[in-house]
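Residue numbers (the working numbering), protein chains in the order written: chain A, 532 to 845; chain B, 532 to 845; chain C, 532 to 845; chain D, 532 to 845.
One or more hints might be untrue.
Copies of the same chain are indistinguishable here, so a pair counts whether it falls within one copy or spans any two.
Unchecked claim - Below 25 Å or equal to it, Euclidean Cα-Cα: the simulated DMTMM-like pairs (lysine to aspartate or glutamate) are:
1. K557 <-> D598
2. K540 <-> D767
3. K680 <-> D706
4. K827 <-> E653
5. K780 <-> E830
6. K780 <-> E693
7. K680 <-> D598
By construction, these hints were calculated from the structure, which means they are not laboratory data.
Bear in mind the structure is a predicted one, so any value in this text is a computation, not a measurement.
There are 4 protein chains.
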Amino acid sequence: MKNMQETAKLLRGIIPPMVTPLRSQKEIDPDGLARLVEHILAGGVHGLFVLGTTGEGPYLPSALRADLVRRVCRQVNRRVPVFVGITDTVFSESVALAHIAAECGADAVVTASPYYLPLGQEELIGYVDRLVSQVPLPVVLYNIPLCTKIRIEPQTVRRLGELPGVIGIKDSSADMLYFQKIKRLFSENPDFKILMGTEELLAESLLLGADGGVCGGANLVPRLYVDLYDAAASSDIRKVRQLHQLVMKLSTAVYTVGQSSSGIFRGIKCALSILGICSDLAAEPFCSFSEPQREKIREFLNEWRNVYPPGDGR
Amino acid sequence: MKNMQETAKLLRGIIPPMVTPLRSQKEIDPDGLARLVEHILAGGVHGLFVLGTTGEGPYLPSALRADLVRRVCRQVNRRVPVFVGITDTVFSESVALAHIAAECGADAVVTASPYYLPLGQEELIGYVDRLVSQVPLPVVLYNIPLCTKIRIEPQTVRRLGELPGVIGIKDSSADMLYFQKIKRLFSENPDFKILMGTEELLAESLLLGADGGVCGGANLVPRLYVDLYDAAASSDIRKVRQLHQLVMKLSTAVYTVGQSSSGIFRGIKCALSILGICSDLAAEPFCSFSEPQREKIREFLNEWRNVYPPGDGR
Amino acid sequence: MKNMQETAKLLRGIIPPMVTPLRSQKEIDPDGLARLVEHILAGGVHGLFVLGTTGEGPYLPSALRADLVRRVCRQVNRRVPVFVGITDTVFSESVALAHIAAECGADAVVTASPYYLPLGQEELIGYVDRLVSQVPLPVVLYNIPLCTKIRIEPQTVRRLGELPGVIGIKDSSADMLYFQKIKRLFSENPDFKILMGTEELLAESLLLGADGGVCGGANLVPRLYVDLYDAAASSDIRKVRQLHQLVMKLSTAVYTVGQSSSGIFRGIKCALSILGICSDLAAEPFCSFSEPQREKIREFLNEWRNVYPPGDGR
Amino acid sequence: MKNMQETAKLLRGIIPPMVTPLRSQKEIDPDGLARLVEHILAGGVHGLFVLGTTGEGPYLPSALRADLVRRVCRQVNRRVPVFVGITDTVFSESVALAHIAAECGADAVVTASPYYLPLGQEELIGYVDRLVSQVPLPVVLYNIPLCTKIRIEPQTVRRLGELPGVIGIKDSSADMLYFQKIKRLFSENPDFKILMGTEELLAESLLLGADGGVCGGANLVPRLYVDLYDAAASSDIRKVRQLHQLVMKLSTAVYTVGQSSSGIFRGIKCALSILGICSDLAAEPFCSFSEPQREKIREFLNEWRNVYPPGDGR
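Put together the whole structure using the sequences plus the hints.
Set out below in structure tokens:
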């Protein structure tokens with residue numbers, strides 16, 4: 532295992548939360564997966580995050596999760612670091628998946644809090660503490676109150692950030708006040724990485740010092756987000772604003788067609804299937820887009836062709 | 532398989548949500564389990580519900596869940612109906628557990644909505660529809676927005692109630708306006724059963740026509756809840772009020788010691804371990820009570836001894 | 532001024548929150564007001580509450596509020612106790628209105644917390660403390676988090692209940708767990724009165740010991756609520772259930788036509804105007820029902836004629 | 532009256548929400564007010580907003596509000612535009628205050644939705660429509676769901692933005708996703724101004740195109756916010772980040788000492804009184820800081836002296 536500081540350095544830039552191409556409820560779509568990985572990597576991304584919310588992680592059977600991790604690590608073949616979501620309500624499932632991830636050569640695991648009952652902050656601290664001690668990889672925290680009902684309070688993040696093994700946080704709360712509090716708490720500790728998980732807030736968080744972003748749209752147009760990251764890194768405000776408008780355009784067009792929170796990954800999968808990259812089958816209890824919904828995505832893709840330079844990662 | 536109407540008739544009265552006695556994170560405490568089942572049945576309850584929220588269902592490994600269902604069905608041996616919680620984010624896990632439940636002779640399964648992302652109502656309807664078609668037992672709906680983030684809207688319950696196979700609902704929303712809307716929607720359909728899942732609201736809901744209650748405290752003092760049910764059934768208001776005060780006393784004393792929502796089952800398990808019935812080990816990520824917390828439960832049990840007639844189910 | 536205990540005794544039974552008949556945004560409809568007061572008193576109610584939420588209190592100009600209090604006190608002429616809502620964000624407005632209420636012979640004032648910023652509990656305690664010291668009448672607390680954003684926490688109610696001058700609480704939170712906690716906190720202090728402000732929960736709260744109810748529907752059919760109160764007082768469960776069904780029927784029919792929270796009093800005013808009792812003009816920013824909405828209320832009133840015995844307070 | 536487009540042009544830059552210096556609950560502190568206005572204007576601000584949330588507008592008696600508007604307009608004497616908050620639950624109060632503002636030479640009025648019951652969006656549209664027709668000044672919308680319980684939905688803002696007379700919006704929702712939706716809806720209409728009302732989000736919103744900010748801290752250190760505005764206007768990212776850190780420092784130090792939402796203006800008033808500018812008396816139901824709280828503010832001010840160049844607007 533790499534040492535923690537080394538891994539923490541890998542936790543930066545654009546790290547797309549990959550959707551999971553499925554052939555059936557129990558099987559990966561292996562060809563789609565291979566194409567998708569290559570499509571994303573061709574966009575110049577800095578890492579790959581599998582089995583997150585966008586990856587429908589909590590809805591996939593254990594065996595399928597393990598299979599996915601193995602295939603992705605093999606396909607990526609260390610070109611970029613791989614981060615594996617292990618969030619589950621069953622502790623031993625999380626630990627087992629972390630061991631598989633380590634064996635396959637993944638670089639770190641990512642965990643939200645167990646998500647059925649709302650956990651108290653002390654319970655959350657105890658949980659991460661025990662997890663870190665049983666897991667053979669660095670751990671990235673995942674703040675996503677929409678799904679877990681609780682946020683990881685800033686003071687909790689501070690305490691967890693002191694645990695050896697905890698290297699950063701992905702914040703998907705969509706709350707910039709929260710993000711800034713976290714940023715402030717770790718202003719003296721640049722080894723603790725802070726990633727923005729809400730792509731509509733990527734531009735501003737990068738401008739204010741985020742280490743990177745986990746952007747669902749980078750499944751489709753990885754280059755756009757990488758360009759945005761680079762523009763922010765070089766303080767090119769004009770370009771940041773312009774690319775941010777494209778991020779908003781994609782978000783508005785693709786994520787709102789399905790009308791519940793699953794609309795994000797169902798929209799992405801629909802677009803990927805239209806592009807011939809992979810199947811749009813969603814994990815139960817979710818459904819693929821209907822034909823009218825699919826038509827809207829098709830229209831967006833047609834229009835988009837003229838918006839963002841062809842060959843740029845699509 | 533019994534026919535649905537027959538089973539629906541079994542969905543009434545006091546049906547305790549059994550806590551799950553554990554020897555380790557991966558093993559049932561078999562002797563504790565046997566004692567607990569007998570302790571509860573001795574209180575005259577009308578059924579038994581395993582692997583609900585109080586039973587820490589979503590936190591237990593699959594194999595343990597299956598083992599529990601087998602042991603409970605064997606121990607109960609058809610003295611009362613057994614209801615099995617199959618709520619999971621992984622659809623195939625729920626279906627597999629339902630098949631095991633059917634093989635073991637359980638009477639129905641209970642399902643909340645998959646609980647990571649907040650589901651849309653149409654997604655929920657599709658989910659239950661597909662579940663019912665793949666599951667060999669009648670299905671009871673479980674409304675618990677605290678854990679699933681969404682409530683099963685009254686109009687959704689109405690539509691799901693028309694599915695053959697859906698026999699009733701357990702409402703743990705603690706929202707009496709919701710309960711009354713459901714009650715009103717099924718006023719012409721007494722075959723659809725409505726159970727109260729919040730024991731502090733048991734008295735009033737029984738007085739207004741609930742078919743029964745799923746009460747965590749009935750793990751400890753089953754007779755109390757059965758007596759309350761009987762008092763309500765015979766419109767003995769004075770007795771209902773008096774027993775309701777005892778329910779409130781127990782709730783106030785036992786459920787508030789642990790200060791997050793897990794405090795309910797951790798409090799019950801602590802009390803059961805003091806009574807020598809089973810271990811107080813909680814499933815990860817939860818912890819047993821600390822010694823000062825345990826002392827408070829001990830004090831309550833000492834006081835309680837004089838409050839509710841000995842021999843009455845404790 | 533009567534002593535507090537004497538007044539507390541008046542805080543019981545059915546105390547309708549009277550709607551405010553308007554001729555214009557700045558003027559009372561005096562004839563409508565006189566007819567409405569007589570209509571309500573004819574139903575046998577135990578008191579009258581003016582300038583509450585249903586009375587659009589916070590939306591009415593000061594002069595109009597004062598005029599209303601004067602007219603109502605004169606019309607009622609001590610046949611029943613009169614309670615005056617003084618909730619305002621401007622402290623001196625509340626105090627001034629309380630003095631007018633006292634001069635006119637009202638029996639007590641009712642206050643929610645000032646309702647712009649969410650108040651902290653300590654701020655709320657300080658507020659009530661200072662209010663009580665400057666107000667010449669007993670004070671009834673008013674818990675309505677829908678409007679004030681905060682609930683008066685049970686421990687706050689306990690502390691405020693110790694102030695001489697605070698005689699009870701009207702709870703419009705629609706949260707029976709809250710109601711029961713308050714009930715439990717004052718179980719040894721029957722002089723502190725607890726009224727249910729959500730009429731759909733009136734039946735059950737009376738059965739569990741509420742001292743009375745503040746029911747908007749009693750503007751229309753006062754006798755129904757009085758009969759329900761009497762049935763509960765005599766533990767006639769069958770009758771309670773039957774009348775509760777009528778309360779639900781009225782609530783479902785009248786309060787849901789307007790689709791925001793103002794729909795309750797706009798629905799009541801619409802029905803009263805159809806019955807020829809008073810104008811349906813609502814205070815800014817609210818609007819009277821449209822003709823299609825009015826038609827629905829008309830249909831309800833036609834149907835209702837056969838449901839509840841004529842002469843019974845309509 | 533100036534024409535609307537002309538006024539809209541004035542709605543930009545740093546427009547501090549002035550606290551209201553009080554001598555008593557019924558009287559302005561006139562000397563403190565004069566000093567405060569000069570202190571703020573010396574910082575180079577672009578406008579002044581009185582009677583907002585920070586100005587405790589909804590808690591002040593009508594006469595005092597009118598007195599304040601008169602004095603401020605006289606003191607400012609057209610050096611910068613003056614914006615007057617008219618939010619009230621009583622429609623005629625809002626209209627009357629708008630007329631006074633017009634007579635005194637104020638430039639526009641600012642209105643949140645009436646704030647007792649949660650208004651429906653259609654009700655809100657009707658309200659603003661009627662207000663605009665009765666008010667002699669341009670209207671700025673004010674989105675502050677913390678206080679009004681509802682947000683002005685993006686589609687509502689779009690519709691209201693079409694009303695002649697509505698010139699912009701101040702967004703205090705602290706929700707950057709909302710802010711960006713509004714920004715996107717008016718991307719073709721630069722005459723509709725969008726101001727950020729949450730100062731911790733000022734830096735990023737200016738970088739993404741906000742027209743200005745309404746920052747409570749600019750009562751204390753107006754120059755800081757003006758410098759931040761200028762740095763953003765000239766795309767000086769490094770300076771933006773550095774000044775943003777100071778904004779966060781001030782916010783963290785001053786606004787969290789009082790532990791409810793009133794802590795912001797009570798903290799500002801406390802600091803202003805230590806600086807000898809005006810009294811720290813708060814409007815009922817709020818209290819001045821206690822001595823230990825005041826000590827914390829004193830410490831902050833001592834430390835701050837070395838942080839931000841003296842003479843820079845303090």
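A quick look at each hint next to the structure:
no. : hint          : result
1   : K557 <-> D598 : both (10 Å within a copy, 23 Å between copies)
2   : K540 <-> D767 : within (24 Å within a copy, 27 Å between copies)
3   : K680 <-> D706 : both (14 Å within a copy, 18 Å between copies)
4   : K827 <-> E653 : between (46 Å within a copy, 20 Å between copies)
5   : K780 <-> E830 : within (13 Å within a copy, 47 Å between copies)
6   : K780 <-> E693 : between (39 Å within a copy, 23 Å between copies)
7   : K680 <-> D598 : neither (29 Å within a copy, 30 Å between copies)
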